[in-house]
Every structure is written in C-alpha cells, then in structure tokens.
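Q: The hints should help you fit chain B onto chain A, whose structure is shown.
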Amino acid sequence: MPTGADPHPALGEAATRGADLYAPGYRTARRPPGVKVVTFGLVLSALLGVLALAAVREVASPARQAAARPALVPPRPPLTVAEEEYALALWPIHNEVKAGALKMTLGGMSYKIGELDRAGLKARIEKSEETYREAARRIAQLTPPPSLVPVHEMYRDAVRLYQRSAVEMALVIGDGRDEHLVVAQPFSMEASEKLLKVGDVLWPNEYKPN
Amino acid sequence: MRKRSWLLVGLAVLGAAIGAVAFTAQTPAPAQGVVYSVWLVESSRFMGVPFGAFMPDRAFVPGSTNPMNNINTVDLPVNVGVIKGANELILYDSGWKQQDYFKMTGTEHGAPLTEQLKTLGIAPGDVKKIVIGHGHWDHAGQLMDFPNAVLYVQREELRGIEWALNYPNPKIAAVNTSPGGCARTPACGYPPKTLDEIYGKVLSGKAVIVDGEMEIAPGVKIHPAHRAHTAGSQLLEVPTAIGKLVFGSDAYSSWEGIRDWMIANPQQTDTVQQFLAYEKCYKITGGYQNCVAAHEPLSYTEKYPLTKNSWVGLNGSRMAEISLAPGEKSKKP
Numbered sequence: 000m001p002t003g004a005d006p007h008p009a010l011g012e013a014a015t016r017g018a019d020l021y022a023p024g025y026r027t028a029r030r031p032p033g034v035k036v037v038t039f040g041l042v043l044s045a046l047l048g049v050l051a052l053a054a055v056r057e058v059a060s061p062a063r064q065a066a067a068r069p070a071l072v073p074p075r076p077p078l079t080v081a082e083e084e085y086a087l088a089l090w091p092i093h094n095e096v097k098a099g100a101l102k103m104t105l106g107g108m109s110y111k112i113g114e115l116d117r118a119g120l121k122a123r124i125e126k127s128e129e130t131y132r133e134a135a136r137r138i139a140q141l142t143p144p145p146s147l148v149p150v151h152e153m154y155r156d157a158v159r160l161y162q163r164s165a166v167e168m169a170l171v172i173g174d175g176r177d178e179h180l181v182v183a184q185p186f187s188m189e190a191s192e193k194l195l196k197v198g199d200v201l202w203p204n205e206y207k208p209n
Numbered sequence: 000m001r002k003r004s005w006l007l008v009g010l011a012v013l014g015a016a017i018g019a020v021a022f023t024a025q026t027p028a029p030a031q032g033v034v035y036s037v038w039l040v041e042s043s044r045f046m047g048v049p050f051g052a053f054m055p056d057r058a059f060v061p062g063s064t065n066p067m068n069n070i071n072t073v074d075l076p077v078n079v080g081v082i083k084g085a086n087e088l089i090l091y092d093s094g095w096k097q098q099d100y101f102k103m104t105g106t107e108h109g110a111p112l113t114e115q116l117k118t119l120g121i122a123p124g125d126v127k128k129i130v131i132g133h134g135h136w137d138h139a140g141q142l143m144d145f146p147n148a149v150l151y152v153q154r155e156e157l158r159g160i161e162w163a164l165n166y167p168n169p170k171i172a173a174v175n176t177s178p179g180g181c182a183r184t185p186a187c188g189y190p191p192k193t194l195d196e197i198y199g200k201v202l203s204g205k206a207v208i209v210d211g212e213m214e215i216a217p218g219v220k221i222h223p224a225h226r227a228h229t230a231g232s233q234l235l236e237v238p239t240a241i242g243k244l245v246f247g248s249d250a251y252s253s254w255e256g257i258r259d260w261m262i263a264n265p266q267q268t269d270t271v272q273q274f275l276a277y278e279k280c281y282k283i284t285g286g287y288q289n290c291v292a293a294h295e296p297l298s299y300t301e302k303y304p305l306t307k308n309s310w311v312g313l314n315g316s317r318m319a320e321i322s323l324a325p326g327e328k329s330k331k332p
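Going down the list, the protein sequences come from chains A and B. Sequential numbering from 0 applies to the first sequence in numbering that gives the first Met the number 0. Sequential numbering from 0 applies to the second sequence in numbering that gives the first Met the number 0.
Next comes chain A alone, as it looks inside the complex (with noise of 0.2 Å):
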C-alpha cells in the first residue's frame, strides 16, 4: 500500500457525505465567533491548562518518585523445624530476661531521679540478677542447631553482660556513688544490643510498627 493511501477508502467516502449532509451548518460556523463561543472557548482552554498543569505537577511531584517503590530486599529463607523449634524454646527465657532487663533499667532511672532509695533499688536488683541466673541456667539447658550456634552463644553473652552490669549497679548500694551506674550501663546496652541481634535472626517480627 503506497504511502499516504486511505486503508478505509469506503470510510473516507462517508466522511465526506456526512460533511455534505452538514452544509448548513458551514454556513453557520463562517460567521464571526460571538461573545458565547470566545467565552466558551476561553474557559475550555483555562481547564485545559490547569488540567495539564496539574498532571505535569503530578507526575514530576518528589513525593511521587519516591513513591515509586524499588526492588524489595528478597525475603529470607524460612527456619528450618530443628531452628524452629530451638527460636520457641527460647521464647519464654527471652521474655523474661527481656522484662528483667527493663526493670533493671527503670530501677536505676528511678534511682538517680530520686524516686526510689538505695533499698529499693538494692530490691530491684536482685531481682534481675535471679531472674538472669535462672535464665542462664534454662539457656544452658538448651541444644541449638549447628546453623544457630552463634546465635546462642550470642544470647549467652547477653545474659552475661547483663548480670556484669547488675553487679556493677550494686555497688552503688554500698557507697553510693552513681559513678557506678554509669560504668554499668554500657554493659547493659551492649547486651540489649545483643537481644536485638538474635531476635532478629529468630523473631524478626518482634517489634511491630507503633
């Protein structure tokens, strides 16, 4: 087919009848425009342009690249049953050296505020170190698969660094120089660090958005 041919020459035909069919209103459309027709003319390309404005703005907008999500991390693979089952072992303990950690925390936040007296804290303490030792003594218990090795010996340093900081702490109790809690609390920090590394090869949904 040359170039430029009418591929619906039958089509082109009726066009062309059809704007035959129309001449009256040829006649019409030779006048000069009125005030209607420029008004509506007007308006129409006014919410054309702000028409494409807007879609102009809308896609360059920042908000919408970094809408444009990238590639997602693939997910990892899922724990066998031998590390499933060692990760629901652990659970338990986690939640109670967790809990023992905090309060550990709080006491020696209430402590240097003011809020709780060297006995109270003294208290609090030992409550730590006792939930700690149970803990270590249930984790010891525990036979990890080859793969989780690290990871339990990691959270075997945990428990570890946090009943180094609880000693620490209770010096405190005996001449009651808060230097002491300063020196306890990178332990504590670096253990909680620890938690986190484990939990997050074992209960990577452990924390949720909040």
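These aren't lab readings, by the way, just hints derived from the structure by calculation. The beta carbon of each residue, even a glycine, is placed where N, CA and C say it ideally should be. Check each hint, because a few of them may be wrong.
Partial selection, computed: residues in chain B whose CB lies under 7 Å from chain A [as the list claims (entries may be wrong)]:
| no. | residue |
| --- | --- |
| 1 | Phe45 |
| 2 | Glu161 |
| 3 | Leu164 |
| 4 | Leu202 |
| 5 | Gln266 |
A: Chain B alone, transformed into the frame defined by chain A:
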C-alpha cells in the same frame, strides 16, 4: 445573549475572588514574636501496613467504593520534627536507626538521622534538645547519637512502663505475647535498648523529666497528652511564620484522623484522650492544617498541604520544608 455571557464571566470572577478571600482567611496569621524554622524528616517507612490496623474506621472492605474503606494497605512514614531558632536546635522525636541487626520486616527508606540532618546543614553536636512524643522504639531511638542534646520525657511515660511491667496479671505485664512477636500489651513497644538510651541521657545529666506542661524555649511549649497514645505522650507547640504548629508524635499518628475525628494507631490509647489531644491542636492552631502527624500516609504530598514542599533524600527517605523563619535560607535542593 451577549449580556448573559458577561454575566457568566462576572460570576466567575466573583467566585474566584470569594475563593481567594476564603483561602486567605484559612491561612493562619503569622505568629507574633519569636518564630522558628521547621522541617520534617522521614526516619523510615513501614510498607504495606493494613489500613484497618492503623485506623479501625478505615478498615478495608473488599469491593467497597466508599473512599473510607477501599484502601487495603498504606505505607507509614516515621516522621521527625526539626525545629531551628536563633539559638536553638530542637528535635521532636528521634526516629530509629535501621541496623544490620534491627531491620524491621517490611521497612524501607531508612537512614540514620545524623546523616539526614547533615543534608540540612545540621551536625549532631548542634542539636540542643530532643523532645520525645513518647518512648516507643521507633520514636525514641538514636538518642546517643546526639551527645549534647538534653532529652525531655514525661515522668508519666516512665511510670507507665514501670506500672505495666509490674502488673500482677502476666498477660498484661507481658513484654512479648505470641511466639515471635508482640501485640499491644503496654510494655511491648519498649525494647531494652531504647530504655537504655533514655537511661544514658538520665545518667549523663542530660534529661529533663517533665511533669505536664513546660516551655523549653521562647514560645516552644510541651503539652501533656497522657494516654493519647502511651501513658506519658506529649505534644509540642512551635510558633512559626505560618502560625503555630503542634507536633503530636503518635497521639497524632494520622493527620486525616485529626481532620476527620477518627482514632489512629491504637496502642496504649485512651481514645477520649486522643480526641482531646486533637482538640488541643484545633485550639492552639485554629484548625487541623498545622497539626504535625507522625505516621500520616499522605505525608510529603499535596494531600497533606503542610508537608507538600518536599523532596527525596537519603535512601529514598523524604523531607519537607514546612516553614522558614526570617533570614533562614531554604534547604530544599
């Protein structure tokens, strides 16, 4: 015919004029006295959160054409406020830092706050004050990265955690609930590391335990919003050139919620207190436009006008320039 056309044009002009006057009337009058520059920084984004989990009244109904119920999931930003005055650099909330060991499934676009602030020309040592709206992990992280900053936390927040942990019923005292996760028990949102960081500020003498209201800089006021999200939630009023702003952290999780009077992000939330916190913003700012929400899905878009002057920063996280004090230069790239 011609007369009618001119009448139409006249009506259109009149309509436009009325619209312009109405728009001007809605724009808050500039605050008197000291005003601050304000930016909003997206600490990270929680992707694909079921809308109904965030706002019960917006729960997805398959097949619904009701705009309130036809959205399945939303992406929730974690917003941090940056407030700059002549001699002040204040953060409202401090977000959280994604680490190799703390990734939070379904989170994207996270970046360390210190790095994000650098793009605004702010060094970590410049930050003088951090007001945490509450102590949950995604709002009170990274505190130790700002060594000069004094932390402001409500006493009631600390007491609330203490109360929960020591409650005799273990179901209520639980720091974790179902195996592998934590639902919405009162102590769920506070990992030991987050409390360790708050404790670090207390130990270094850089914490102020707030009881109720407090003015922490000229015109910058803390308002208690206890139980509006957690036991010791607090708001922050900030005067700016576009009027007063009120930051609400998770008491103001959703800006649409404030606008439509719907609760959002129910955690340890007394819904009546959350509504009273919303009302506080209406009273202080004269409406809902200047209420700054922590997790509003429309953040950084035209649909949340306060935050529309936005751009994309580190790792796809977003920032918005909300208001500039006289003499302050724009940080928008």
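Q: Does the CB of B:Phe45 sit less than 7 Å away from some CB of chain A?
A: At about 4 Å, which falls below the 7 Å cut-off, the nearest Cβ of chain A leaves the hint on B:Phe45 intact, so it holds.
Q: Does B:Leu202 meet its interface restraint, that is, does its C-beta lie within less than 7 Å of any C-beta in chain A?
A: Status holds, d = 5 Å.
Q: Please check whether B:Gln266 passes as an interface residue: C-beta within 7 Å of a C-beta belonging to chain A.
A: For B:Gln266, the interface hint holds, since the closest Cβ of chain A sits about 5 Å away, which is under 7 Å.
Q: Tell me if B:Leu164 is really an interface residue toward chain A, meaning its C-beta lies closer than 7 Å to one of theirs.
A: With Cβ-Cβ at 6 Å, under 7 Å, it holds.
Q: Answer holds if the nearest beta-carbon of chain A is closer than 7 Å to that of B:Glu161; otherwise answer violated.
A: With Cβ-Cβ at 5 Å, under 7 Å, it holds.
Consistency with the previously given hints is maintained throughout, with no hint failing.
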